[in-house]
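Asker: Sequence:
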Amino acid sequence: MIETLANIDENAVKTALWAIPAAAGALTLLAYSFLWWRKSRSVESVADALGLAFAWRAPCDLEKTGLELFTKGAEPTVTNQISGLSVSGAAATFFDYQFYAYQAGKRYKYLLTAALFEFKEPRFPAFTLRPEHIFDKLAGVFGWEDIDIPGAEEFSGKYHLSGKDAEAVKAFWTSSRTSGFKLPRRCTAEAGGRWLVFYRFAVSVDAKSYPAFIEEAKAAAASLG
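Heads up, the final residue of the sequence shown is numbered 425 in my numbering, and it's a clean run with no missing numbers.
There may be inaccurate statements among the hints.
Unchecked claim - Within a straight-line C-alpha distance of at most 30 Å, the following computed BS3-like cross-link-like pairs (lysine-lysine) qualify:
#1 408 with 309
#2 264 with 309
#3 320 with 382
#4 408 with 364
#5 382 with 408
#6 382 with 358
#7 306 with 320
#8 408 with 358
#9 358 with 272
#10 309 with 370
#11 320 with 364
#12 370 with 272
#13 239 with 370
#14 306 with 382
#15 306 with 370
#16 320 with 370
#17 272 with 408
#18 239 with 364
#19 364 with 382
#20 408 with 239
#21 358 with 306
#22 239 with 306
#23 239 with 264
#24 272 with 364
#25 272 with 309
#26 382 with 239
#27 370 with 358
#28 272 with 382
#29 370 with 408
#30 320 with 264
Unchecked claim - With beta-carbon atoms standing in for the labels, derived distance ranges:
#31 322 with 354: 26 to 32 Å
#32 251 with 304: 43 to 49 Å
#33 260 with 374: 17 to 23 Å
#34 305 with 268: 21 to 27 Å
#35 332 with 403: 15 to 21 Å
To be clear, the hints were calculated from the coordinates, so they are not data collected in a lab. Just so you know, these numbers come straight off a predicted model, no measurement behind them. Using N, Cα and C, we set each Cβ at its ideal position, and we do this for glycine too.
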């Protein structure tokens, strides 16, 4: 009987040990779902206040833009989409974008918030613009890519600019554009053809900051329109 009880205790311990990570995983999933639901409701309230359309989930056909951001990873999804806004003739859409990337056999999830502008006619050479960091300055010493705009030292010192056709990029960034442009906080800009996007890579904008993100993105797009 003592042996039987010992076996029961051992089995109970094994079951309990298995249940602990399973329960922890379930709680993590539940917490994530709640936070996503709460943000969705908050973003929906922002859309309602602005009189704009909101969709919890929207079709993901962003590869058509040709922008590098939307060709990364796999299983892309678009959620918390706000639409119905026009800026300088461009249709503006704001949304959370999620995708997965695989590296060394491991699967990583990325989530970011984007402001996408579709203009009626092509107007942008392909380029990427982001805040310049100390590592970019060091890279510049070795001649690595960073397009500097002639006569716009402050702009070139503030931002790291890259693109396949450097001359076309320089021609686009006229003095009026470099002097009037302000990149939305903590964002990267990518453009090409009819499309322009601002996004916070690997970071989604929280509901409290969303109205400011919209206004900053609108102002930046208007200065390039």
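Asker: Hint by hint, note whether the structure agrees.
Answerer: Quick rundown of the hints versus the structure:
1. 408 with 309: Holds. Residue 408 to residue 309 sits at ~23 Å (cutoff 30 Å).
2. 264 with 309: holds, 22 Å
3. 320 with 382: Given pair residue 320, residue 382 holds - Cα atoms ~23 Å apart, limit 30 Å.
4. 408 with 364: Violated - the C-alpha atoms of residue 364 and residue 408 are around 37 Å apart, more than 30 Å.
5. 382 with 408: holds, 21 Å
6. 382 with 358: Within the cut-off at roughly 10 Å; holds.
7. 306 with 320: Roughly 40 Å between the alpha carbons, so the hint for residue 306 and residue 320 is violated.
8. 408 with 358: holds, 27 Å
9. 358 with 272: Judged against 30 Å, a Cα distance of about 26 Å means the pair holds.
10. 309 with 370: violated, 35 Å
11. 320 with 364: Roughly 23 Å between the alpha carbons, so the hint for residue 320 and residue 364 holds.
12. 370 with 272: Satisfied, since the Cα-Cα distance of roughly 26 Å is no more than 30 Å.
13. 239 with 370: violated, 40 Å
14. 306 with 382: Measuring from Cα to Cα gives roughly 37 Å; hence the hint is violated.
15. 306 with 370: violated, 40 Å
16. 320 with 370: holds, 22 Å
17. 272 with 408: holds, 28 Å
18. 239 with 364: Measuring from Cα to Cα gives roughly 37 Å; hence the hint is violated.
19. 364 with 382: Holds, at about 23 Å.
20. 408 with 239: Judged against 30 Å, a Cα distance of about 9 Å means the pair holds.
21. 358 with 306: violated, 35 Å
22. 239 with 306: holds, 28 Å
23. 239 with 264: holds, 28 Å
24. 272 with 364: holds, 18 Å
25. 272 with 309: Since the Cα atoms of residue 272 and residue 309 sit roughly 12 Å apart, the hinted pair holds (cutoff 30 Å).
26. 382 with 239: Holds, because 27 Å separates the two Cα atoms, which is no more than 30 Å.
27. 370 with 358: Within the cut-off at roughly 16 Å; holds.
28. 272 with 382: Since the Cα atoms of residue 272 and residue 382 sit roughly 26 Å apart, the hinted pair holds (cutoff 30 Å).
29. 370 with 408: violated, 36 Å
30. 320 with 264: At roughly 15 Å apart (the allowed maximum being 30 Å), residue 264 and residue 320 satisfy the hint.
31. 322 with 354: 26 to 32 Å: At 28 Å between Cβs, range holds.
32. 251 with 304: 43 to 49 Å: holds, 47 Å
33. 260 with 374: 17 to 23 Å: At 34 Å between Cβs, range violated.
34. 305 with 268: 21 to 27 Å: Taking Cβ atoms as reference, residue 305 and residue 268 lie about 24 Å apart, which means the hint holds.
35. 332 with 403: 15 to 21 Å: Between residue 332 and residue 403, where Cβ atoms are some 19 Å apart, the hint holds.
Violated hints, in rising order: 4, 7, 10, 13, 14, 15, 18, 21, 29 and 33; the structure is consistent with all others.
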